[in-house]
Amino acid sequence: MKKLYLLEDAIISPLGFSTKENIQAIREGKSGLKFQKPEFTENQFFAGIIDETLLNQVFSKIGAIEKFTKLEKMILLAVKQLLDKNKNLDLTETALILTTTKGNINLLKEPGDFPESRLKLSKLGKIVANFFGFKQTPIILSNACISGGLGLAVARGLGNSGKFTNAIVVGADLVSDFVISGFNSFQALSTEACKPFSKERDGISLGEAAAAIMVSTEKPEISNVISLIGDASANDANHISGPSRTGEGLYISIQKALKDASISAEKVGLLSAHGTATVYNDEMESIAFHRSGLQEVPIHSLKGFYGHTLGASALLESIITKHSMLNNELIASKNFGELGVSKSLNIIQSNKHKEIYYALKTASGFGGCNLALVFKAEKE
Amino acid sequence: MADVTWLWFLKQKKNKMSNQFYIQDWVKIKNGEIFNSGKLIFESTEKELNLFLKECYEFLEIKYPKFHKMDGLSKLGILGSEIIFRKNKPTKDTALVISNNASSLETDKQFQESTKTFASPALFVYTLPNIVLGEISIKYKLQSENAFFISEDFNAGLLKDYSESLLSSEKTSRVLCGWLDLQNGEYDVFLCLVSKEKNIPFSEESLKKLYCAENDKPTHRT
Amino acid sequence: MTNLHTELKESIIEQLNLEDMEPADISNDEPLFGDGLGLDSIDALELIVLLEKDYGIKLTDPAQGKEIFVSINQMAQFIEENRTK
Chain D
1 MKKLYLLEDA IISPLGFSTK ENIQAIREGK SGLKFQKPEF TENQFFAGII
51 DETLLNQVFS KIGAIEKFTK LEKMILLAVK QLLDKNKNLD LTETALILTT
101 TKGNINLLKE PGDFPESRLK LSKLGKIVAN FFGFKQTPII LSNACISGGL
151 GLAVARGLGN SGKFTNAIVV GADLVSDFVI SGFNSFQALS TEACKPFSKE
201 RDGISLGEAA AAIMVSTEKP EISNVISLIG DASANDANHI SGPSRTGEGL
251 YISIQKALKD ASISAEKVGL LSAHGTATVY NDEMESIAFH RSGLQEVPIH
301 SLKGFYGHTL GASALLESII TKHSMLNNEL IASKNFGELG VSKSLNIIQS
351 NKHKEIYYAL KTASGFGGCN LALVFKAEKE
Chain G
381 MADVTWLWFL KQKKNKMSNQ FYIQDWVKIK NGEIFNSGKL IFESTEKELN
431 LFLKECYEFL EIKYPKFHKM DGLSKLGILG SEIIFRKNKP TKDTALVISN
481 NASSLETDKQ FQESTKTFAS PALFVYTLPN IVLGEISIKY KLQSENAFFI
531 SEDFNAGLLK DYSESLLSSE KTSRVLCGWL DLQNGEYDVF LCLVSKEKNI
581 PFSEESLKKL YCAENDKPTH RT
Chain F
603 MTNLHTELKE SIIEQLNLED MEPADISNDE PLFGDGLGLD SIDALELIVL
653 LEKDYGIKLT DPAQGKEIFV SINQMAQFIE ENRTK
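Chains as they are written, first to last, in the working numbering: chain D, 1 to 380; chain G, 381 to 602; chain F, 603 to 687.
Since the hints were made in silico from the structure, they are not lab data. One thing to keep in mind: the hints can contain errors.
What the hints assert, rightly or not - Here are a few chain D residues that sit away from chain G, every Cβ distance over 12 angstroms (derived from the structure):
1) N235
2) R245
3) H323
4) S344
Stated by the list, open to error - Cut-off 30 angstroms, straight-line C-alpha distance, at most; resulting in silico cross-link-like pairs (BS3-like, lysine-lysine):
5) G/K589 / D/K126
6) D/K109 / D/K20
7) G/K521 / G/K472
8) G/K521 / F/K668
9) D/K2 / G/K410
10) G/K472 / G/K446
11) G/K521 / D/K259
12) F/K668 / G/K519
13) D/K37 / G/K489
14) F/K668 / D/K343
15) G/K434 / G/K489
16) D/K2 / D/K61
17) G/K472 / D/K2
18) D/K109 / F/K655
19) D/K256 / G/K469
20) G/K496 / F/K660
21) G/K419 / F/K655
22) G/K446 / G/K419
23) D/K135 / D/K123
24) G/K496 / G/K588
25) D/K109 / F/K668
26) D/K34 / G/K489
27) D/K34 / F/K687
28) G/K588 / G/K434
29) G/K589 / D/K135
30) G/K489 / G/K410
31) D/K199 / F/K668
32) G/K469 / D/K259
33) D/K20 / D/K80
34) D/K352 / D/K376
35) F/K660 / D/K109
36) F/K660 / G/K434
37) D/K37 / D/K87
38) F/K668 / G/K467
39) G/K519 / G/K427
40) G/K496 / F/K655
We put the CB at the ideal spot given by N, CA and C, even for glycine.
All chains, please: the whole structure from these sequences, using the hints.
Have a look at this one:
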């Protein structure tokens, strides 16, 4: 299969409203996770939440703040940045791939002035498409916590079969009362900022973000370019919420993605893990990585910076991976203490300079889904 | 001239052979009726969703106690897949490409209701549309590609394009694709199994035709 | 068998959707997880909710559940000792 080139991107998160601000913040070790105390549970927890006043202030330059939900504003701001950099992009031909787990789910509890139809993900797609004038029906993907990364795989598959040349892939999700009470009922929320792969990890921290990236099947005329050269998803076929003890699905997806990319595990220079910081997830990942011969590869989880941004996470983290490859830098795995998984891993403990030619991004989610993406850097 | 025509014909044939996929079997569940490859195999006047689903389960003699713990969308997915996979033994790499309109909204509302007293973990786990893909994978031991798309209406083009891209790139040899929607107790299921074995050509037109065949009214919108 | 035992079995059957099961089908010392009733991790979380909802007992450590949800006998004993309603 052909490559999918990764072009301009944008990240809207508590760490900043552009990719540049986000990269700078994580380079400095800043985290978007803050102490929260919701009204409906006695449990305290940490989450990465975007300041709505700040969001409205920035959004008011491109649209009416009362007409759009928080999530829509985040998505519209992200896509706007890409379109501003690609003024000549033909919106009649460009595909829009929107990925999310829960969309505007916060409206279920507090609809405000929005009609019930606003809960529908197809409506969310329409709002984004109409705002900018995309003519193609948006492609909407909702596949748990691998959604954003799977959006890239879908773009590659459809682009490869000639359905489009250019696409914009968006991943976005909110920290809503809905997901907080859900993960709380799962007793999966950490009482502190999450600590991926560490001994003292005790659960996830939630986060919200919108990430967007322009992708193309045509090679751009720039000297350094990153492309997606391998992808695979695989189901554990084991349990709908608990990760497989053997890491089977993740292992299969890694094997297939490496094969698709025609590279061996030793070539991988950076492994961007899912690393949610639940006891079972991180353990499962360490087993799958070991089985794949990836134990020596520098690895990090970005959840300590952003929390788990659900449907946005695998896309947001792919964008950070892209920039790590372009900048030849390994970003330290935030909040890592002492290794707390049964298999050894080469966790990045401080920022380092390193030439990266190939990188692997993985993600896993409810429903037993797993995803692996292989990126290649072409540098001059 | 004749040679050129012959070459063109060979090329078409070759393209067809390498890129053509076929619908082996399909199932439709709607308005109290189950159709399998065009044949009515079950009908019921039961209006209450869970009772109807239980009737179908008993009719098919599935014997899978986990079924009763699932939400409506997952039950519908299991019923549909059972009918197809009973006749066509699934391979481990059989991909699942499913779409709907309502995502998991039916269960989302029930979970939201539960949060008023005690948030239910057993409901929360079903508040994602792709959970049904996990349930199908567990029941039929599929460790394959999964994708759950949301569209306003049955989007034959997208289902065909994405399934075909998985088949053509040899990421899989078979795809179970279709539509699996549930909202306000109304269900609309259309699943079909696609592979290289010759049968009904897998095209946007045939998908639309089969989906609409037993549909007297179009899928609901809001 | 006490009323609490029967009551517990009834609510477990209802709460966990154990279709086609009667309280009499669950024995008091049979393991609830693994080979016994075959309950899983989501059921365990749902039982934690049941303890809070019906008996006012709040478990904050999921690991605690492992010791309590061993059998109906064990659960009943724990409830007797800790119930607030």
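Outcome of the hint check:
no.	hint	result
1	N235	4 angstroms, violated
2	R245	14 angstroms, holds
3	H323	27 angstroms, holds
4	S344	26 angstroms, holds
5	G/K589 / D/K126	26 angstroms, holds
6	D/K109 / D/K20	35 angstroms, violated
7	G/K521 / G/K472	6 angstroms, holds
8	G/K521 / F/K668	28 angstroms, holds
9	D/K2 / G/K410	40 angstroms, violated
10	G/K472 / G/K446	21 angstroms, holds
11	G/K521 / D/K259	22 angstroms, holds
12	F/K668 / G/K519	27 angstroms, holds
13	D/K37 / G/K489	24 angstroms, holds
14	F/K668 / D/K343	25 angstroms, holds
15	G/K434 / G/K489	22 angstroms, holds
16	D/K2 / D/K61	39 angstroms, violated
17	G/K472 / D/K2	26 angstroms, holds
18	D/K109 / F/K655	22 angstroms, holds
19	D/K256 / G/K469	23 angstroms, holds
20	G/K496 / F/K660	17 angstroms, holds
21	G/K419 / F/K655	48 angstroms, violated
22	G/K446 / G/K419	28 angstroms, holds
23	D/K135 / D/K123	15 angstroms, holds
24	G/K496 / G/K588	42 angstroms, violated
25	D/K109 / F/K668	34 angstroms, violated
26	D/K34 / G/K489	29 angstroms, holds
27	D/K34 / F/K687	36 angstroms, violated
28	G/K588 / G/K434	29 angstroms, holds
29	G/K589 / D/K135	26 angstroms, holds
30	G/K489 / G/K410	22 angstroms, holds
31	D/K199 / F/K668	21 angstroms, holds
32	G/K469 / D/K259	27 angstroms, holds
33	D/K20 / D/K80	15 angstroms, holds
34	D/K352 / D/K376	19 angstroms, holds
35	F/K660 / D/K109	25 angstroms, holds
36	F/K660 / G/K434	35 angstroms, violated
37	D/K37 / D/K87	43 angstroms, violated
38	F/K668 / G/K467	41 angstroms, violated
39	G/K519 / G/K427	27 angstroms, holds
40	G/K496 / F/K655	12 angstroms, holds
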